[in-house]
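Chains as they are written, first to last, in the UniProt record's numbering: chain X, 1 to 112; chain V, 1 to 417.
Keep in mind the hints are simulated off the structure, nothing from the lab. The beta-carbon is built from N, C-alpha and C at its ideal position, and this holds for glycine as well. Keep in mind that a hint or two might mislead.
What the hints assert, rightly or not - Taking beta-carbon pairs under 7 Å as the criterion, some of the chain V residues facing chain X (in silico):
| hint | residue |
| --- | --- |
| 1 | Ala206 |
| 2 | Pro209 |
| 3 | Tyr267 |
| 4 | Lys269 |
| 5 | Thr271 |
| 6 | Val273 |
| 7 | Val313 |
| 8 | Ala314 |
One letter stands for each residue in the lines below.
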Amino acid sequence: MKRVEAVIKPFKLEDVKDALAEIGITGMTVSEVKGYGRQKGHSELYRGAEYVVDFLPKIKMEMVVTDEMVEQVTSTIVEAARTGKIGDGKIFVSDIEQIIRIRTGETDNEAV
Amino acid sequence: MKRFYLALLALPTLVFAEDTLSSGDTAWMLVATAFVMLMTPAGLALFYGGLTRSKNVLNTIGMSLGAYAVGTLVWVIVGYSIAFGDGDIIGTGKVMLSGITSSSLTGTIPELLFVAFQGTFAAIAVAIASGSMIERVKFSTFMIFAALWIVAVYAPVTHWAWGGGTTLNFGEMDFAGGTVVHLNAGVAGFVVAMILGRRKDYGKAAIKPFSPVLVVLGAALLWFGWFGFNAGSEVAADGTAASAFLVTNVAASLGVIGWIAVEWLVYKKATLVGGASGAVAGLVAITPASGSAGVEGAIIIGLIGGALGFYGVAKLKTMFKVDDSLDAFWIHGLVGIWGSVATAIFIADYAMPENYNMGSQLVSQFSAIGLTIVYSAIVTAIVFFIASAITGGGRVDEETESRGLDETVHGEKAINL
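Model the full structure from these sequences, guided by the hints.
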């Protein structure tokens, strides 16, 4: 089991969610986050004074999938979230040791 | 004789030979006075409030409201007498409006209405100066300062320009208050900012405006009120008033264009705070010329006024180390100087005095500018020291400054979510 975390541009959230639903992903956790990568921040101007704002608004999506699904999920996210411009985001994949569904007590792959 | 003629041009109130009341003029001046009233506790309050950090919005708005209230009180007690009483250096004889009845006339309008109209000018002048000192001056100090400043600075300067004083009147053309209101207030603000010192965060942390939306709304209200300010300065409902109304509108629009055009060239962005500031700069620039400039003149005066405002705030300000919080000097002082100079240069054919000599008029303008700067700077400093002494120092303590003045001084917040 793997956890897939994707940091994407906020306006791409609906596209990515729909694309993931099409390949059978049934759940995810989404949070509004701020950050920057190679593109750095942006600047704001007030009466001739320039202020650099480092952190840009982003969306972080988290979901846990079976090992077999990982590649399909990541390629779907890449396809749906890509604009080709700087600041499109990143995907992180990590191992998950154990899953337990609270309602039924099911574990691991059954609980994904 | 020429000087006498120019004095008449600068002060329409003296022009009236007849002394019968005109209900048309009176009706317009009642409305114009109400227009100008709106400029201080609504227009300037929102313009300045929007530019201030969120923790000091109410304090900033409070200074406009407070200045208006104190200004009105001081004006009827002694300010009007100093400004428009009889006398050369200062006026006397009208303390508590003594001798003025409801049938007294100034030109063709009731003198009581003229008192009210001019009182709104005194109030906005000191409210403009508050923009330089906000976010660190004590509210109590400012209120006392406002009262003393109108008595010792605003009223005498008004007397020299408009009130009949001759020794210190250099024949300046100042239709609606370029040097009297704007340069005077800008210099005063700058001097107090110097005495107070910089804000703790100035030059170190980002000092962002609370709300550019309020800045634009406030500027629009100022623009609206300015029609009363400039067209009302004719003290009659006539062709000159109409001309002043039109050129005021044109110059303000060109001020917007001038500011954002330069901003676009420098930063590749046209900001709304800039556009609103440009409108105010255009209005300041046309004020002394509003009774004499034509539309062509207004276009140039406004365009340069807007561009100069940006240049002052974005470039010249960094050369001086003075923390003029909301740029009162750069927008009202620097642009006010431009407006005063431009008044002598751009005169419409129909307003051109006989045997007009631009060179000698420019000397008159510069003399009045010089006198206003020197007098305002020195006496403002004295008055501020007195106000500080009365309130045990003019600046709030460090903790108050960093927590913001809204909660600590007023016990209120601008927004409760």
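Now for the hints, and whether the structure bears them out:
1. Ala206: It holds, given that the least Cβ distance between V/Ala206 and chain X is near 5 Å, below 7 Å.
2. Pro209: Since chain X brings a Cβ to about 6 Å from V/Pro209, closer than 7 Å, the hint holds.
3. Tyr267: This interface hint holds because 6 Å falls under the 7 Å limit.
4. Lys269: Where the cut-off is 7 Å and the nearest Cβ of chain X is about 6 Å from V/Lys269, the hint holds.
5. Thr271: 5 Å, holds
6. Val273: Since chain X brings a Cβ to about 5 Å from V/Val273, closer than 7 Å, the hint holds.
7. Val313: OK, holds: V/Val313 within 7 Å of chain X, min 5 Å.
8. Ala314: This hint holds: V/Ala314 lies near chain X, its Cβ roughly 3 Å from the closest one there, short of 7 Å.
Of the numbered hints listed earlier, not one is contradicted by the structure.
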